[in-house]
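Enquirer: Listed here are the chains, written in short residue letters.
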Amino acid sequence: MIPEHIAAAGVGFELPARVHVTTAAQLVRYAGAAQDFSGIHFDVDYARRRGFDGVIVHGLLKAAFLAELGQDWAGAGAWYRSFGARYTGTDLVGAPIVCRGRIASIDPADRQVGLELWTENADGRTTTTATGIIEMGESA
Amino acid sequence: MTTAVSVSHTPRDFEEFTVEPSTEHLLRWAAATEDFSPIHFDAQVAKARGFDHPVVHGPWKAAVLRRLLGTWLGSNVTVHTLTARYLRPDPVGRQLRFGGSLVSATPLPDGATELRCALWVRDESGRVSVDGDCIAMSAPEAGEGLPLDRLRAAVKLGEDAGSFTYRVDVNDVAAFAKAIGASPGADAPATFFAALDPVERRDLDLDGFLHQLPFPMTGGGNAFNEVVYERPIRVGDVITVTTRYTEVYEKKGSRGTLLFRVRVNEMRDSTGTLVATSRCGHVLSYRVDAAEGQK
Chain A
1 MIPEHIAAAG
11 VGFELPARVH
21 VTTAAQLVRY
31 AGAAQDFSGI
41 HFDVDYARRR
51 GFDGVIVHGL
61 LKAAFLAELG
71 QDWAGAGAWY
81 RSFGARYTGT
91 DLVGAPIVCR
101 GRIASIDPAD
111 RQVGLELWTE
121 NADGRTTTTA
131 TGIIEMGESA
Chain B
1 MTTAVSVSHT
11 PRDFEEFTVE
21 PSTEHLLRWA
31 AATEDFSPIH
41 FDAQVAKARG
51 FDHPVVHGPW
61 KAAVLRRLLG
71 TWLGSNVTVH
81 TLTARYLRPD
91 PVGRQLRFGG
101 SLVSATPLPD
111 GATELRCALW
121 VRDESGRVSV
131 DGDCIAMSAP
141 EAGEGLPLDR
151 LRAAVKLGED
161 AGSFTYRVDV
171 NDVAAFAKAI
181 GASPGADAPA
191 TFFAALDPVE
201 RRDLDLDGFL
211 HQLPFPMTGG
221 GNAFNEVVYE
231 RPIRVGDVIT
241 VTTRYTEVYE
251 KKGSRGTLLF
261 RVRVNEMRDS
271 TGTLVATSRC
281 GHVLSYRVDA
291 AEGQK
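Line by line, the protein sequences are chains A and B.
Going by the working numbering, the first sequence opens with residue 1, and the numbers climb by one from there.
Going by the working numbering, the second sequence opens with residue 1, and the numbers climb by one from there.
Chain B extracted, bound-state conformation (with noise of 0.2 Å):
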């Protein structure tokens, strides 16, 4: 694994590049692209047109901020939006500074550190050509061992997380009870709730990033599935479903460390009353450091 680049962010003015677009940048920048005017090659063409010489193709100069942006902003930032405003032609052959700054570092719930950044391409006269800004978002450092702090604060634990409104229909339960060989009827089965539980549903979806941690990952489900029931979940019912995440915690285990997650989803019907209450814990298993990996 390559060590991320750590990233400052503190907000500071990047280190100029500069350089002497040449026709043969143009060409391949044409070739690449399929973006053949003559403008960009062709003296006479680019003339007739009313320029002094062949001008340089905005985007790449766009794509040349695009690079940079990898080293001002180190290895572990994704790019979301890059935007940049050609304000004047540049003639081929004549030297292009590029450069800017970061202007902001917003840390966000999860850990996350939204990076806004001010770019420009300046001419040997010092006018700016392109102005540009970007959006990007910087990962949290990895750190010695699982970001419990990081996964609290995205899945809000204690608060609510999330509330879903699911329609149940006659369908529904039927292709439920047939799954697991049931008969159908009004009442859906004892653990229909399950399929009315929006983090298995992929509606609510917080804690993604935890597939994404640099330690393999070992194993991992349902522990455990517990619901109580004021009256049955029924055929025609509306029911509003609300998330509350109670705890997250580690826990070590034979085959690394165990990361628990448990959550609590209450259920009510369209007019509000409780129907029932459903807890599921479940658990991820990593491993977290050398030792593990040699068991």
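For reference, chain A alone in the conformation it holds in the complex (with noise of 0.2 Å):
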């Protein structure tokens, strides 16, 4: 079953849009998490000899922002079956992270959704896309 408040919702409906404003203590503890210690997350002066203007946020952080913006949205009982991400842009630690999405389909008969998301910085640029394939109920 689709949920009601998705069917009701329907194809190209906007799913309410979360901000993020990381911290340096946030990178960190994504980073111990996620076992990605790579120095262009917490060491500034690091970051700038790779080329980039300041310590950035790991692309994956952003993905995870996009997926749980949609598990959240799906509620519960919904599990992801596919997730991808490209990443377009860099993000500056500290710097607000829009993050927003919208139904591109829904298939009733394998009850599953599917999600478009992406996230945008203050400028409005888009700085991650991201596509799922959410399914409703019970996984193996």
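FYI, nobody ran anything at the bench for these hints, they're computed from the structure.
Predicted model only: the values in this text are computed from it and were never measured.
Among the hints, a few may not be true.
Said to hold, decoys possible - Some chain B residues flagged as far from chain A (calculated, every beta-carbon gap over 10 Å):
id, residue
1, His25
2, Lys47
3, Ala48
4, Gly58
5, Arg66
6, Met137
7, Arg201
8, Gly208
9, Phe215
10, Thr218
11, Pro232
12, Glu247
13, Val264
14, Gly272
Stated by the list, open to error - Distance ranges between label pairs, derived from CB positions:
id, chain 1, residue 1, chain 2, residue 2, range
15, A, Asp53, B, Thr78, 55 to 61 Å
16, B, Gly185, A, Ala24, 43 to 49 Å
17, A, Gly124, B, Glu144, 27 to 33 Å
18, A, Thr88, B, Thr273, 31 to 37 Å
19, B, Glu114, A, Gly75, 55 to 61 Å
20, A, Gly10, B, Arg167, 28 to 34 Å
21, A, Gly124, B, Thr78, 47 to 53 Å
22, B, Val170, A, His5, 29 to 35 Å
23, B, Ser37, A, Asp53, 56 to 62 Å
24, B, Met137, A, Ala109, 56 to 62 Å
25, A, Ala24, B, Arg279, 25 to 31 Å
26, A, Asp45, B, Thr33, 34 to 40 Å
27, A, Arg49, B, Met137, 23 to 29 Å
Think of the CB as a built atom: it goes at the ideal place given N, C-alpha and C, for glycine as much as any other residue.
Combine the two chains into a complex, taking the hints into account.
Expert: Take a look at the structure:
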């Protein structure tokens, strides 16, 4: 069953946007949780040597923000069959990241909902794009 | 940047070096190493210990061999092991000859060459007083562009590059959920696959030499991540991840030459059942030639 609130929303519906303002502590927390200790996410001198303007947010943390936006909206009984993110721009730590999404498809037979998701920076530029297929109901 | 001295990898004899170790040489060595055993500078003590003359420190002879290796093998070579056996004492003030040969040169899959050398020190009569050997690595020559063939070999393109097993504990999922601002549950968040990536974890590090190329690095990071789940990853899973690199290629971009590597991780549970497959594209950008530097 496709939940009522999704079926009623329909294809094209935009999910309520969410804004994340990252902190250095959050990036370090993510680095520890994901075991991704690339210096571009906590060492400003190293990040500059690598060609960035400062410490940048993990692409996968932005992907996680987007995946969770869809997950929370779909509800606890839903799980991702697939998810993919492309990083089209970098976000510096502390800069607001606006997370948006819309329903791209609804497949009642397979109980699947397709999502398009993206992040925007303060200038309105898209810095991450993502797609996900969420399935409703019990997983194997 | 200095130009690396090119090394011939053909087995050959090294050019001999002759030196007459003086008391000053030995005193300097004694002071530098704090080895003040008097047999190296006090003739009476040396005699009492059964030597006709003060004797040259064995490690001094090894140190001379080590310095000569730099000349013999060239500057882009790293000495990994050097072994010296001291066979005879050499009296101070008598001529010593240092020499050796390159015995073998074995090309390695990552483009480096393993060099094995035999080394010796001989006295005036030609008797061997030090017998040694050495294993050194010769780095590949810096070519005109990015070393794509070396990279393809290093990451074992198209083959399994490595397998690692990770236990998914409740604390791991909770810490990950907290880091991304999600509420923890028995199912891990959709992007938790990233925490089980041997490359990000540095458990698999086949291409570290990319950070030492003689070109300025102008940026880099993940280009994309994708995952397909058969079921969510759950607390209690023991997941074996097998990594395979599927693509290595370069492309000209606005920030220089872009080097792409794409890898696939297959995640299986303890029964061998597929749980998820992820794909990650990573890009590094370099300024490879002078024209790009003027942009």
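Enquirer: If a hint holds in the structure, say so; if it doesn't, say that too.
Expert: Here is what the structure says about each hint:
1. His25: holds (43 Å)
2. Lys47: holds (61 Å)
3. Ala48: Ala48/B is indeed farther than 10 Å from all Cβ atoms of chain A, at 60 Å.
4. Gly58: For Gly58/B, whose nearest Cβ neighbour in chain A is about 44 Å away, the distance exceeds 10 Å, so it holds.
5. Arg66: Given a closest Cβ separation of 33 Å, the condition holds.
6. Met137: Fine: 26 Å to the nearest Cβ keeps Met137/B off the interface.
7. Arg201: Given that some Cβ of chain A is not farther than 10 Å from that of Arg201/B, nearest at about 4 Å, it is violated.
8. Gly208: At roughly 13 Å from the nearest Cβ of chain A, Gly208/B sits farther out than 10 Å, so the non-interface label holds.
9. Phe215: At roughly 12 Å from the nearest Cβ of chain A, Phe215/B sits farther out than 10 Å, so the non-interface label holds.
10. Thr218: violated (4 Å)
11. Pro232: violated (5 Å)
12. Glu247: holds (15 Å)
13. Val264: Non-interface label on Val264/B holds, nearest chain A Cβ at 13 Å vs cutoff 10 Å.
14. Gly272: holds (15 Å)
15. Asp53/A x Thr78/B: 55 to 61 Å: violated (35 Å)
16. Gly185/B x Ala24/A: 43 to 49 Å: Roughly 27 Å apart at Cβ, these two residues miss the hinted range, so it is violated.
17. Gly124/A x Glu144/B: 27 to 33 Å: violated (42 Å)
18. Thr88/A x Thr273/B: 31 to 37 Å: holds (35 Å)
19. Glu114/B x Gly75/A: 55 to 61 Å: holds (59 Å)
20. Gly10/A x Arg167/B: 28 to 34 Å: violated (42 Å)
21. Gly124/A x Thr78/B: 47 to 53 Å: Since the Cβ atoms of Gly124/A and Thr78/B sit about 51 Å apart, the hinted range of 47 to 53 Å holds.
22. Val170/B x His5/A: 29 to 35 Å: holds (30 Å)
23. Ser37/B x Asp53/A: 56 to 62 Å: For Ser37/B and Asp53/A the Cβ distance comes to about 60 Å; the hint holds.
24. Met137/B x Ala109/A: 56 to 62 Å: holds (60 Å)
25. Ala24/A x Arg279/B: 25 to 31 Å: holds (30 Å)
26. Asp45/A x Thr33/B: 34 to 40 Å: Check passed, 37 Å falls within 34 to 40 Å.
27. Arg49/A x Met137/B: 23 to 29 Å: holds (26 Å)
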